[in-house]
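Enquirer: Sequence:
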Amino acid sequence: MVVNDDGSEGVTADGAAGDDVDAAELLERAGFDADASVLTDRQAEVLALRERGLRQADIADRLGTSRANVSSVEASARDNVERAKETVAFAEALSSPVRVEIPEGTDLYDAPKRVYDACDEAGVKVNQTAPDLMKTIGDRAADAVHGREVRKRLFVTVAADGTIRVRQP
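Whatever position you read off the sequence shown (first residue = 1), add 1 for our numbering.
Note that these hints are calculated values from the structure, not bench results. Heads up, a few of these hints could be off.
What the hints assert, rightly or not - In the EDC-like style, the derived pairs of lysine to aspartate or glutamate whose C-alpha atoms are separated by at most 16 Å in a straight line are:
id, residue 1, residue 2
1, K153, D111
2, K136, E150
3, K126, D162
4, K153, D140
5, K136, D111
6, K136, D121
7, K136, D108
8, K114, D133
9, K153, E83
10, K153, E105
11, K153, D118
Unchecked claim - Computed beta-carbon distance windows for the label pairs:
id, residue 1, residue 2, range
12, D36, T66, 34 to 40 Å
13, S38, R100, 24 to 30 Å
14, E26, T130, 43 to 49 Å
15, F91, D62, 36 to 42 Å
16, A31, R100, 29 to 35 Å
17, L95, T66, 35 to 41 Å
18, D34, D80, 16 to 22 Å
C-beta: ideal position from N, C-alpha, C; glycine also.
Sequences are here, hints too, so could you generate the full structure?
Expert: Pasting the structure below:
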């Protein structure tokens, strides 16, 4: 049985009790390779154990360290994961045939025309209606769009297969 951070009892995501979780086995099954990853072995181990429902205090006991150290390792790991995701998104944006900047202050209703025009020029088909495209941009832009106003500059890319990505610089 695992005691969650809120004090409740439970089992891990795979149904195993926390004591039964073998971090090395989890990393092996997931194909983790520290030499090819942005995560250290310790960061990957902490994330794997947290994903299985272990509390930071229990992980600290297991690893012979403090809960504060586990918290720091976990925060660094999650930051590295986000940076890796941003790097992949950037690389995909570079290779996309359609790249459209939506400047700060733009009315969200004007964004689909910009995207459609750029797609027409590049010969890329967008499989979304204007309202769907506005919703996609608004949803993926998070806090950069309020109502109809784009409050932070956005980049919309469209891959050759029509996949739309929205990034904030």
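Enquirer: Hey, K136 versus D111, does the alpha-carbon distance stay inside 16 Å?
Expert: Holds, because 13 Å separates the two Cα atoms, which is no more than 16 Å.
Enquirer: Given the hint of 43 to 49 Å, is the C-beta distance from E26 to T130 inside that range or not?
Expert: Distance hint for E26, T130 holds at roughly 47 Å.
Enquirer: Given the hinted pair K153 and D111, is their alpha-carbon gap at most 16 Å?
Expert: holds (15 Å)
Enquirer: Hint says 34 to 40 Å; check whether the CB-CB distance for D36 and T66 agrees.
Expert: About 24 Å separates the Cβ atoms of D36 and T66, which means 34 to 40 Å is violated.
Enquirer: Against the range 24 to 30 Å, how does the distance between the Cβ atoms of S38 and R100 compare: consistent or not?
Expert: For R100 against S38, whose Cβ atoms are near 29 Å apart, the range 24 to 30 Å holds.
Enquirer: Would you mind confirming whether the straight-line C-alpha gap from K136 to E150 stays at or under 16 Å?
Expert: holds (13 Å)
Enquirer: Within a Cα-Cα threshold of 16 Å, do K114 and D133 meet the stated pairing?
Expert: holds (13 Å)
Enquirer: State, for the Cβ atoms of L95 and T66, whether the hinted interval 35 to 41 Å holds or is violated.
Expert: holds (40 Å)
Enquirer: Just tell me: holds or violated, for the beta carbon distance of A31 and R100 against 29 to 35 Å?
Expert: 33 Å Cβ-Cβ, so the 29 to 35 Å window holds.
Enquirer: Verify the CB-CB distance for F91 and D62 against the hinted window 36 to 42 Å.
Expert: Holds - the Cβ-Cβ distance for F91 and D62, about 39 Å, lies within 36 to 42 Å.
Enquirer: For the pair we were handed, K153 and E105, check the Cα-Cα distance against 16 Å.
Expert: With Cα atoms ~5 Å apart, K153 and E105 stay inside 16 Å; holds.
Enquirer: Within a Cα-Cα threshold of 16 Å, do K136 and D108 meet the stated pairing?
Expert: holds (13 Å)
Hint compliance for this structure: hints 6, 9, 11, 12 are not met, and every other hint is.
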